[in-house]
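Engineer: With the hints in hand, could you dock these two chains into one complex?
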Amino acid sequence: MRSSSPGGTPRTRPLAPAGGTTGPEPAVEITGLVKRYGAKAAVDGLDLTVARGSVTAVLGPNGAGKTTTVETCEGYRRPDAGRVRVLGLDPVADAAALRPRIGVMLQSGGVYAGARAEEMLRHTASLHAHPLDVGGLVERLGLGSCGRTPYRRLSGGQQQRLALAMAVVGRPELVFLDEPTAGLDPQARHATWDLVRELRADGVSCVLTTHFMDEAEQLADDVAIIDGGRVIAQGSPEELCRGGAENSLRFTGRPGLDLASLLKALPADSAATELAVGTYRVHGKIDPQLLATVASWCAQNGVMPDAIAVERHTLEDVFLELTGKELRA
Amino acid sequence: MTATETGTAAGTGAFAPRPGAAPLPRMIRAQAALETRMLLRNGEQLLLTVVIPTLLLVLFSTVDIVDTGAGSAVDFLAPGILALAVMSTAFTGQAIATGFERRYGVLKRLAASPLPRWGLMTAKTCSVLVTEILQIALLTVIAFGLGWSPRGNPLAVLLLLLLGTAAFSGLGLLMAGTLKAEATLAAANLVFLLLLVGGGVIVPLAKFPEAARQVLEFLPVSALSDGLRTVLQHGASMPWADLGILAVWAVLGLGAAAKFFRWE
Chain X
81 MRSSSPGGTP
91 RTRPLAPAGG
101 TTGPEPAVEI
111 TGLVKRYGAK
121 AAVDGLDLTV
131 ARGSVTAVLG
141 PNGAGKTTTV
151 ETCEGYRRPD
161 AGRVRVLGLD
171 PVADAAALRP
181 RIGVMLQSGG
191 VYAGARAEEM
201 LRHTASLHAH
211 PLDVGGLVER
221 LGLGSCGRTP
231 YRRLSGGQQQ
241 RLALAMAVVG
251 RPELVFLDEP
261 TAGLDPQARH
271 ATWDLVRELR
281 ADGVSCVLTT
291 HFMDEAEQLA
301 DDVAIIDGGR
311 VIAQGSPEEL
321 CRGGAENSLR
331 FTGRPGLDLA
341 SLLKALPADS
351 AATELAVGTY
361 RVHGKIDPQL
371 LATVASWCAQ
381 NGVMPDAIAV
391 ERHTLEDVFL
401 ELTGKELRA
Chain G
5 MTATETGTAA
15 GTGAFAPRPG
25 AAPLPRMIRA
35 QAALETRMLL
45 RNGEQLLLTV
55 VIPTLLLVLF
65 STVDIVDTGA
75 GSAVDFLAPG
85 ILALAVMSTA
95 FTGQAIATGF
105 ERRYGVLKRL
115 AASPLPRWGL
125 MTAKTCSVLV
135 TEILQIALLT
145 VIAFGLGWSP
155 RGNPLAVLLL
165 LLLGTAAFSG
175 LGLLMAGTLK
185 AEATLAAANL
195 VFLLLLVGGG
205 VIVPLAKFPE
215 AARQVLEFLP
225 VSALSDGLRT
235 VLQHGASMPW
245 ADLGILAVWA
255 VLGLGAAAKF
265 FRWE
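Here the protein sequences come in this chain order: X and G. Numbering-wise (my numbering), the first sequence opens with residue 81 and increments by one. Numbering-wise (my numbering), the second sequence opens with residue 5 and increments by one.
If we strip away everything but chain G, and leave its shape as in the complex, we get (with noise of 0.2 Å):
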């Protein structure tokens, strides 16, 4: 037994204690940061945020493959991109990301940290908000290099992506904190596909039989692009029912993900 007979200085040593949490606003910035730069770092992650919204717009506006209704095919399918690159970001990355925190501790050790859990969200969707204004900025100069004509309100614009973030971050944070992290892994990216195809962001809804469109407009995405495709294709001021639809998608999954979401 020698440990006990080694210590001198007793607290005068580099480990001498010395608590305390950082201010919040600089742990907030500092989580943001560092999930941000997890995001961008992450390949499959960029493929679902920036390379398949990128290749969609592109591949969709120049080849005549759906029939886009009236107008320039750009103009409808700029504003479905858009709902699409805020899906990918809030619902299907933070979904995939989230599950595999929790899977690997991360969230767990986060928790015994300074850092309290409304600031760690906090700091989410700060990183979830930047990823989209580096989507829309890239998307928007895409748009416009194909020919892109939009109009409309911005307000009602940024109301619609704010309550859509909203809305797909409380669904993808109640998949990855009830489902195991493959899961999630799976089940985001069918639902990312699924509603790829049936939420109006590339087909018109106008397309499907009337039964089912009457089901896929209450989608969360249908409601973004057809808001999104109101304003800024038809200069329309305020979508109201498409915001309506998108604010009780967000009560019901943030209510949801906040009662049942699990730490570990």
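Isolated chain X (complex conformation) (with noise of 0.2 Å):
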């Protein structure tokens, strides 16, 4: 796993976004964030780069530190020390050059509550020089038909697809949306998703925070896990998973099986253990060459490695193992 090293992400990319979209500079480059409360330290040297065209999910526990991150780089809240440049601009000192070139989803709120929604949606366009087709995007999330309804009488979920759509309709280069699926169905999660990957598709960068692991499994280039008010772990999901726990490998066989011989024909590190009568788990790095030994170990005792399974870490397995498993604030 690699570390909270700024700009350490110089994975390929599978698609670069073409044309003007593409500026030198990284999405967002965040270097030392600190933001005080009071006494209490909200984000405490933290540092992130988002590269361009990418999806960049931020992770971490309630309280880490997530939405102030996101709001410093809206402009909302001005850093107490480092230095933080969104599309190359200071979010707080260039803001009106930024903010006609940012989409902002708040993770609650920001509608009149009188306001219809297709009316509100329709109004946010109206601030832009070349919106979005307003109808089509209300069909597109499904808001058809509550566009008459007035924002206080909409669903949580209808609620947030309102601004989530606010936060595209102006064609940004660059979204944040903070936590775009809380409290949303499966169908208008799946919905979200979608338009996040066509966003990302059409050379959008866009960064989002989420309390859900698959959420940033199905849609993060990037992942970044921030805990305390620092990045502890950032990577694509494959690189934290294959690099942040253990692995291990699982098979069954006839009860009673020599461990103490397996042992000795695995790598030093490793571990076997008889899990339940017949169930076998090795634990260690597994590679193929492991996976060839423990093969080659069962044809020599007469064994048949039924159900022989590498058990993947998830995302969420790392998550809990850098963050801890006591319940936060």
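These are computed hints drawn from the structure, not numbers from a lab. Hints may be right or wrong, so weigh each one.
As the list claims (entries may be wrong) - The calculated EDC-like cross-link candidates involving lysine to aspartate or glutamate, where the alpha carbons are at most 20 Å apart (straight line), are:
(1) G:Lys184 x G:Glu48
(2) X:Lys120 x X:Glu105
(3) G:Lys211 x G:Asp68
(4) X:Lys344 x X:Glu318
(5) G:Lys112 x X:Asp170
(6) G:Lys112 x X:Asp349
(7) G:Lys112 x X:Glu199
Said to hold, decoys possible - Selected chain X positions facing chain G (Cβ under 7 Å, derived; list incomplete):
(8) Leu186
(9) Gly189
(10) Gly194
(11) Glu198
(12) His203
(13) Arg251
(14) Glu253
Positions of the beta carbon are idealized from the N, C-alpha and C atoms, including for glycine.
Structural biologist: Next up, the structure:
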């Protein structure tokens, strides 16, 4: 696993956005960000780089500093220390130049209680020079049936989808989505995911915060895990899963195999246990060589290893391993 | 992981970035229109800005409840009710609406839009002025129906209304930008009621004890209703003292609002 070094994401991107949407600067570049509320540092020396055209998921327990970080990028908070550049601009000093180029979805609210969904979206579109077609976006996000309903009477999911629509309607280069699928049903969640994928395919950079590991695994090119106001791990979901926790190999065979002899054949740092009667697990560096060693040991001992499987660690395992399992405030 | 392999024609799809702010006049117009629609759609706001002033004008002009001095009652009441209308929109209505916009993150979300803050404040002012024009038109028609015969210099009336609007807007925004939305709702309504009674709107300030009167005269609603009355009822050209009081309130209120207003 790579550490939180800034700019540490030189992975090959499958696609670079075409045309004038790609500037020389990263979409977001944060170095040494500190933000305090009173004596407490909500963000405490955070480094994060978001490549142009990528989807970056910011994961972290409640109170880790996700929203503060995103809101600093959006120009709402002034850093106490460190440097923040969004599309090469200072979010506070260059706010007027930056605002038309970014799309913002707040965690909640942002709409007049008495405004109708479509009316509010139309209004947001009217603040931009080349907005998306509002009718199409309304259909796309399933807001057609509630277009005339006042915001305060929309369901939580409808409010979320409206906020998402408002973030993208101005055709921004970069969107910040703060928990875009919180409170959504599975259909709406998938509709949101599809939209994020399409944004990415069209060259829009995307920073999203989430509590859902599957969301990060599904959508993100890059995942930054934040805890205690710092990035404690960053990389692609595959990299994090591969490098984070140990993987294991599981197989079934006849009960009571002599695991001591298996261990002699395996590398020194491996371990083997009989989990349940006839079910075995091997811990260690699980690579093709180890799989071959286990298979040949089985062959020598006349064991048919049924249901042999490499158990890969999920992002959730990695997350819990890194951030601990105790409940947060 | 499927997300990384789906894109094909990058930069050519429907969402291909094409950022840019709309021209400023268009943004401000759109924002002012939206704010005005929100206000006219809100029942409680209409009660405050239309129903109460209309009822008071009709009731107190036709039924002899308060001794309004020499001359016809409507000639005394109409200027006071116009002052009340300005206060209800620029102060009470604006304070409550803005307080809840702040509470529900509307101001926060707008701060991330291409509309600059001063553009938002300009739009709010336009929305207040449009509402006041509608109120004044309605109340003027009703007052004429009740036999009102205004006099004086229309320019002085316009100046009073504008300075009054500035003074009340400053105070309303100061309240909305510093208190919680519920506190603003309660306080703005209470202030509305107190100033209605003690601001020379319906009850002549001469009815109050001398000591109280000398303080009440300096309230913005007293200055506005007295100024309007001096012109419209008594035909004065320019009520400089009242204009001066309103100007001081406007500078203090707008200055404090600019300094202390918190957007979240």
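Engineer: Now, for every hint given, state plainly whether the structure supports it.
Structural biologist: Hint check:
A distance of roughly 19 Å separates the Cα atoms of Lys184 of chain G and Glu48 of chain G; the hinted pair therefore holds under the 20 Å criterion. For the suggested pair Lys120 of chain X and Glu105 of chain X, the alpha carbons sit about 32 Å apart, so the restraint of at most 20 Å is broken. For a cut-off of 20 Å, the pair hint linking Lys211 of chain G to Asp68 of chain G stands: about 16 Å separates their Cα positions. Among the hinted pairs, Lys344 of chain X with Glu318 of chain X is inconsistent with the structure: their alpha-carbon atoms are about 31 Å apart, more than 20 Å.
With a CA separation close to 18 Å, the supplied pair Lys112 of chain G and Asp170 of chain X stays within the 20 Å bound. A threshold of 20 Å between alpha carbons decides the hint, and for Lys112 of chain G with Asp349 of chain X the separation of about 54 Å lies outside it, so the pair is violated. For the given pair, Lys112 of chain G sits about 18 Å from Glu199 of chain X by alpha-carbon distance, which is consistent with the 20 Å threshold. With a cut of 7 Å, the hint placing Leu186 of chain X at the interface with chain G holds, because the nearest CB-to-CB distance is about 6 Å.
Proximity of Gly189 of chain X to chain G holds as hinted, the smallest CB-CB distance being about 3 Å (cut-off 7 Å). Of the supplied interface hints, the one on Gly194 of chain X holds, with its beta-carbon coming within about 5 Å of a beta-carbon of chain G, less than 7 Å. Hint status for Glu198 of chain X relative to chain G: violated, with the closest Cβ pair at about 13 Å, above 7 Å. The beta carbon of His203 of chain X comes within 5 Å of a beta carbon in chain G, closer than 7 Å, and the hint placing it at the interface holds.
Because the beta carbon of Arg251 of chain X sits about 4 Å from the nearest beta carbon in chain G, less than 7 Å, this interface hint is met. For Glu253 of chain X, the interface hint holds, since its Cβ comes within 7 Å of a Cβ in chain G; the closest pair sits about 4 Å apart.
This entry does not satisfy hints 2, 4, 6, 11, going by the numbered hints stated previously.
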